[in-house]
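As a plain string of letters, each chain reads:
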Amino acid sequence: MSSLTETVATGSRGRGGPRAPRPRRAGRTLGRSIPLVPSMILIAVFLLGPVVASFYGSFTNSALTGSAAEGASFVGLQNYLDLFANPDFLQSVLLTVIFLVGSAIIGQNVLGLGLAMLMQNANAVVRGIVGTLVVTAWILPEIVAAFAAYAFFHDDGTLNELLALVGIHGANWLYAVPMLAVILANVWRGTAFSMLVYSAAITEVPADVVESAEMDGASGGKRLIYITLPMIRRSISTNLMLTTLQTLSVFTLIFVMTGGGPGTKSSTLPILAYQEAFKFSQLGYGTAIATILLVIGAIFSIVYLRALKPEVD
Amino acid sequence: MGMTSPSGRAMRQVSNGVLIVIGVCFALPLAWLLLASFDPTANLTLKWPGTPTLDNFTAVLTPDLAFLPLFNSLLLSAGCAIITVAVAVLAAYPLSRYKMRINKPYLYGILFGTCLPITAMMVPVYSLFVALNLIDSMWGTVLFMAAASLPMAIWMMKNFMDSVPIVLEEAAWADGASMMATLTRVVVPLMRPGIAVVFIFVFVQAWGNFFVPFVLLLSPEKQPAAVSIFAFFGQYGAVAYGKLAAFSLVYSVPVLALYVFTSRVLGGGSALAGAIKG
Numbered sequence: 001m002s003s004l005t006e007t008v009a010t011g012s013r014g015r016g017g018p019r020a021p022r023p024r025r026a027g028r029t030l031g032r033s034i035p036l037v038p039s040m041i042l043i044a045v046f047l048l049g050p051v052v053a054s055f056y057g058s059f060t061n062s063a064l065t066g067s068a069a070e071g072a073s074f075v076g077l078q079n080y081l082d083l084f085a086n087p088d089f090l091q092s093v094l095l096t097v098i099f100l101v102g103s104a105i106i107g108q109n110v111l112g113l114g115l116a117m118l119m120q121n122a123n124a125v126v127r128g129i130v131g132t133l134v135v136t137a138w139i140l141p142e143i144v145a146a147f148a149a150y151a152f153f154h155d156d157g158t159l160n161e162l163l164a165l166v167g168i169h170g171a172n173w174l175y176a177v178p179m180l181a182v183i184l185a186n187v188w189r190g191t192a193f194s195m196l197v198y199s200a201a202i203t204e205v206p207a208d209v210v211e212s213a214e215m216d217g218a219s220g221g222k223r224l225i226y227i228t229l230p231m232i233r234r235s236i237s238t239n240l241m242l243t244t245l246q247t248l249s250v251f252t253l254i255f256v257m258t259g260g261g262p263g264t265k266s267s268t269l270p271i272l273a274y275q276e277a278f279k280f281s282q283l284g285y286g287t288a289i290a291t292i293l294l295v296i297g298a299i300f301s302i303v304y305l306r307a308l309k310p311e312v313d
Numbered sequence: 001m002g003m004t005s006p007s008g009r010a011m012r013q014v015s016n017g018v019l020i021v022i023g024v025c026f027a028l029p030l031a032w033l034l035l036a037s038f039d040p041t042a043n044l045t046l047k048w049p050g051t052p053t054l055d056n057f058t059a060v061l062t063p064d065l066a067f068l069p070l071f072n073s074l075l076l077s078a079g080c081a082i083i084t085v086a087v088a089v090l091a092a093y094p095l096s097r098y099k100m101r102i103n104k105p106y107l108y109g110i111l112f113g114t115c116l117p118i119t120a121m122m123v124p125v126y127s128l129f130v131a132l133n134l135i136d137s138m139w140g141t142v143l144f145m146a147a148a149s150l151p152m153a154i155w156m157m158k159n160f161m162d163s164v165p166i167v168l169e170e171a172a173w174a175d176g177a178s179m180m181a182t183l184t185r186v187v188v189p190l191m192r193p194g195i196a197v198v199f200i201f202v203f204v205q206a207w208g209n210f211f212v213p214f215v216l217l218l219s220p221e222k223q224p225a226a227v228s229i230f231a232f233f234g235q236y237g238a239v240a241y242g243k244l245a246a247f248s249l250v251y252s253v254p255v256l257a258l259y260v261f262t263s264r265v266l267g268g269g270s271a272l273a274g275a276i277k278g
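Quick note, the sequences are listed as chains E and F, same order. Just so you know, we're using the working numbering here: the first sequence kicks off at 1 and counts up by one. Just so you know, we're using the working numbering here: the second sequence kicks off at 1 and counts up by one.
Here chain E stands alone, though its shape is the one from the complex (with noise of 0.2 Å):
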C-alpha cells in the first residue's frame, strides 16, 4: 500500500510547495507525529495486515479444515489459474460488472440525477415527503432493507400482488431473474446517495447562467447539456467512483434477498468468495477472489484520487 500511495503522493507533487524540515527540527518532527502512532497501529494490524496476508494467502492452498489446514504450502499461481479456469468465477466477475453498472453507474446516478433536477421544479411538501421515502431507505441498516426488498419481490410479495390487481401474473422475480432484483433492490437502497450529492451541486449552478440560457430559447434538454452537466460534472465523476466502490462491496443485500442463487445466478465477486471460504471451506482459493476484489477496488481508488485530487494539504 504504501508504494501506491508513494505514487499518488509523487502525482501530485510540487502544487503546495516543498516544505521540508530541516535536520536540527528532525526531533519535533518526530514529537509531533507521536499522535499519529495509534492510528498507524490499528491500521497497520487490521487492515494493512490483511491485505498482504491476503496477497501471500492467495498463493498458498490453505484451507478451513483437514490436512492443509494445518501447514498451508505455497502452490504459485494455482489458486489463479484455477480461478480463470472455473465458469463460476468467470460468470461472477460477469454479474459483478453487470451489477456495477446496472444498479451504480446507470440506476442510482441517472436516477439520483433526475430525482435532484424534477426536486428544483417541485413543490416544497411533495420534494419533502419524497426526500424523505428515498433517504429512508438509504438510512435503514442494510440488512433490515434487505428483508423488505426481499418481501417486495417474493413470488407471495407486494409486487405480485399490485401486478395481479391490473390482471398480469408476476414471475416469481428472486428466481426467475435474481440479478434484476437485486439491481433494482440496490437502486432503490442506494439512490438516496447519488440524489444528496447531485441536490447539492444542482443549487451551485448560479441561476444567472441558467436564466440567460432560456431567454436565448435553450429547451429543458439543451439546458441539462450543454449547462448543467457540464457545471457539476466534477460532482458526477466523484459520485460515479464512489458510488461504483460502495456497489462493489455490497454483500448483505444479495445474501439476504438470494443467496447469491438460485445455484450461482447472483453471486458476485463478493458472495462467490463467501462462498469459496466459508462455504465450501476453500479458504485459499476464496482469499484470491478477495484479492481480485481489493486490486478492483485499488485500481478505482488511484483512478479516482488521481483524477480528482482532493486537497490534502
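These aren't lab readings, by the way, just hints derived from the structure by calculation. Every residue, glycine too, gets a C-beta built ideally from N, C-alpha and C. Among the clues, some could well be false.
Short, incomplete list of chain F residues facing chain E, as computed with Cβ under 8 Å [claimed, not checked]: (1) Phe26; (2) Leu75; (3) Leu111; (4) Phe199; (5) Trp207; (6) Phe210; (7) Phe211; (8) Phe230.
Let chain E serve as the given structure and place chain F on it in line with the hints.
Here is chain F on its own, set in the frame of chain E:
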C-alpha cells in the same frame, strides 16, 4: 427560481407527478415493513392489518430475542465509535496543525483506505483472526471495526479541525501548554459538533454492519441484532413475518433517530456531504 410562465407551471405539475410516482415506488417496500409489524397474521403480501395490535412487538421484545442482541449491538457500536473518535482526534491534530513531510503520504493513504472494499477483506481478516486467536472475541471485532472506520473518520476529523481557528491555541502555547493539553482543553471543546458528527457516523455504520460480526463472532450470546435478526429470519422467517418486521423496526429506530438528530441539530447532512465530497 421564478416559475411563473405557463410552461413553468406545466413543468411543475409534471415534476410533481413524476416525483409522486417515484415516491410511491420507494414507499412500497417500507410500507410492508410498517404494516406487517402491526399485523399478527402478517405474510409477505402488503395488506392492511385486520386488527392492528402490538402483539408482534411484545412477542419479540424479550431478553433472549431482542434485548441481549441489541445490547451487543450497543456494545460493538459504542466501543467502535469511542475508539475511532479518540484515535482520529489524536491523528487529526498533527495533520491539521503541523506541516510535516509525513502528512501528504499519510492523507493519501487514508483516502486510499476509505475506498477499499471492506467486504473483500473479510476472508483474509478471518484468517488473521484465526491466527491471532481473536475469533469470537468482542474486543477483536470492535478493534477491527474501529480500524475499518478510521480512514474516513480521520479524514472528516481533519477537515473539521482545519476550520477551528488556530489563534486560541497560539495563546495556549504562549502560556506553555503542551500539545496534549492544547488538544484536550482548547481544540476538542471547540469542535464538539464535528466530533459528534463523526461519532454518530461511525456508530450508525457499526450498528448496521452485518457482515463483519457475522464472520467474526460465533457464539449466539455475543451476536449483535443484525446477526440475530438474520438467524431469526432463517429459523422462523417462513412463518413469523410480523415478528421479523417488528424486530427490524425496533432495531432500525436508533439509526433513524440519530440521523434526524444529526441533520436537525448538528446540520450534519451538509457536514457529512462535505466530508464525502473530498
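In ascending order, which of the hints set out earlier in this document are inconsistent with the structure? 2 and 4
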